[in-house]
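A.B. asks: Once you have looked at the hints, place chain F on chain W.
As you go down the protein sequences, you meet chains W and F in turn. Just so you know, the first sequence maps onto residues 1 to 99 in this note's numbering. Just so you know, the second sequence maps onto residues 1 to 399 in this note's numbering.
These are computed hints drawn from the structure, not numbers from a lab. Just so you know, even glycine gets a beta-carbon here, dropped at the ideal spot from N, CA and C. Please note that the accuracy of each hint is not assured.
To be verified - Simulated coverage check for chain F against chain W, where a stretch passes if three residues somewhere in it have a Cβ under 8 angstroms from a Cβ of chain W: (1) 157–171; (2) 230–242; (3) 350–362.
Claimed, not checked - The calculated label-pair distances, taken between Cβ atoms and stated as ranges, are: (4) W/37 with F/7: 48 to 56 angstroms; (5) W/29 with F/225: 35 to 43 angstroms; (6) F/209 with W/44: 36 to 44 angstroms.
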Amino acid sequence: MKKRAMRISPDDNTATALNDIEAGESISLVSKSGPVGEMSAKQAVPFGHKLAVVDIKKGERILKYGEVIGLATQQINKGDYVHTHNVASALLPGAKEAK
Amino acid sequence: MEFLGYERPDGSAGIRNYVVVISSGRCANEMAATIADAVPGAVPVIHTHVCVRFKEDNEKALRVLSGIGSSPNVAAAIVVGVGCENPSPATIAGEIAKSKKPVEVFTIMESNGFQSFMDQGLTTARRMVAEASKMQRKPFPLSHLTLAVKCGGSSAISGIAGNAATGMVLDRLIAEGGTAIFSETTEVIGADHLIVKRAANEEVARKFREMVDRQEATIKASGEDIRGTQPTRGNIAEGLTTIEDKSLGAMAKSGTSPLQGVLEYAEKPKGKGLYFMDGTAMTSELISSEAAAGAHIHIYNIGGGISSSFRCPPGWMGEIPFIPQIAVVSRRSKPYDSQENDFFDIYADTVIEGTESVDEVADRFFNEIIAVASGKLTKREMRKGYREPIVLYTTGPIL
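Bound conformation, chain W alone:
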């Protein structure tokens, strides 16, 4: 079976890896109800970690569960690994969202 990642809410710009995904791998994107499409992972994403399902600009909101889990600290491209190296909490003092 193809490796999978779950986009929890249709509004999310991230998906959570349901397998260890390798760089360059083509994966199946699923919702809570089932498969919704395919995409390619540009970077390796460990099980339980996130990848971008669209391009995200620096300062833009990172969405998971349909809610803001932080802000992008740099440009993130579709298929990139999303974690502490490119996202910071929106609740931190000085966190600034790009409009």
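C.D. replies: Here is chain F on its own, set in the frame of chain W:
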């Protein structure tokens, strides 16, 4: 939709039909357990509350113990004590009597010695069990049910497997007119603004904010700042990026229904729908207060890993004997746990394996809730033996 339950005099419906023997203080634990253990159909409620505590903690103990006795899963209650406890056995029994169910109180101080006290307790327990055994289950709408939830051993996967399915189950019960309670005040810090957004009105939003602020102030007074410590390094290694990410995963178990009210520890909801209760993330302290608030079933979500590998992690030790616990696991971490261990009622790891969607797990889970409400035993209910006293969530010291 309906389940088969026991009709109670206050109009509620129980899903179990036990006689409880409640110890009014730690000094009476052995007596309560001895009486209950001698009578099939009776269960003891033993706990760690002692008389030398601050007023606020005595009041909490009264809410928990009388709330437990008033639970719809209880047919009749016996309160036992030495007689000098605080709250007094008579006060606890008086509160239980408000539910109109049979309640009796026995103390050593008001008996002709210990043996006479025990004989009275046993005779009464047998009579109450005989009465309760005559009751038949009958159909009730699901609007009579209250679910309570708690999670432990969480990871990034809990939020998309077990907790996600639990949230859907809660939404479905609430759509049927039922009630659900979630808690763990420290766990919502970081996602508190999102719960405020779901408040049914401004009053609920204000009360929720106050409750979270109060908890944060208590933590800060001890020199800790929870916002700076979350997520932990372990969480980050598992894929949780920020405190929002972690808190949202935990909150996923509360579903998406509007928040109808905010409860103090062990306070009963005044209406139907979703409620938040002030409480700790420690399981025993939490499930005792959820039982006292009238929860019929306790849903315990385990992320996976080592805490799913043995029979009695803390979440399973502090059980309330008449509240069935539906245990859910999001990930089996081989070789620790396998289906053969069979500790869980709902395996949600099928979401990770790709054999089921979250929707499908929620369907199965909801059916299981109706089955358990109608009498099906949970895995935990099928294990007898070792038990621990219930621990109460207290704020003051033992004096």
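A.B. asks: Give a verdict on every hint.
C.D. replies: Evaluation of the provided hints:
1. For the stretch 157–171 of chain F, the stated coverage by chain W is satisfied: 5 residues place a CB nearer than 8 angstroms to a CB of that chain, which reaches the threshold of 3.
2. Only residues whose C-beta sits within less than 8 angstroms of a C-beta in chain W count toward coverage, and the stretch 230–242 of chain F has 5 of them, enough to reach three; the restraint holds.
3. Note: the stretch 350–362 of chain F has 6 residues with beta-carbon separation from chain W under 8 angstroms; the three-residue rule is met and the coverage holds.
4. With their beta carbons about 51 angstroms apart, residue 37 of chain W and residue 7 of chain F fall inside the hinted range of 48 to 56 angstroms.
5. For residue 29 of chain W and residue 225 of chain F, the Cβ-Cβ distance of about 38 angstroms falls inside the hinted range of 35 to 43 angstroms, so the restraint holds.
6. For the pair residue 209 of chain F and residue 44 of chain W, the supplied restraint of 36 to 44 angstroms holds, since their beta-carbon distance comes to about 41 angstroms.
Comparing the model with each numbered hint stated earlier shows that all of them hold.
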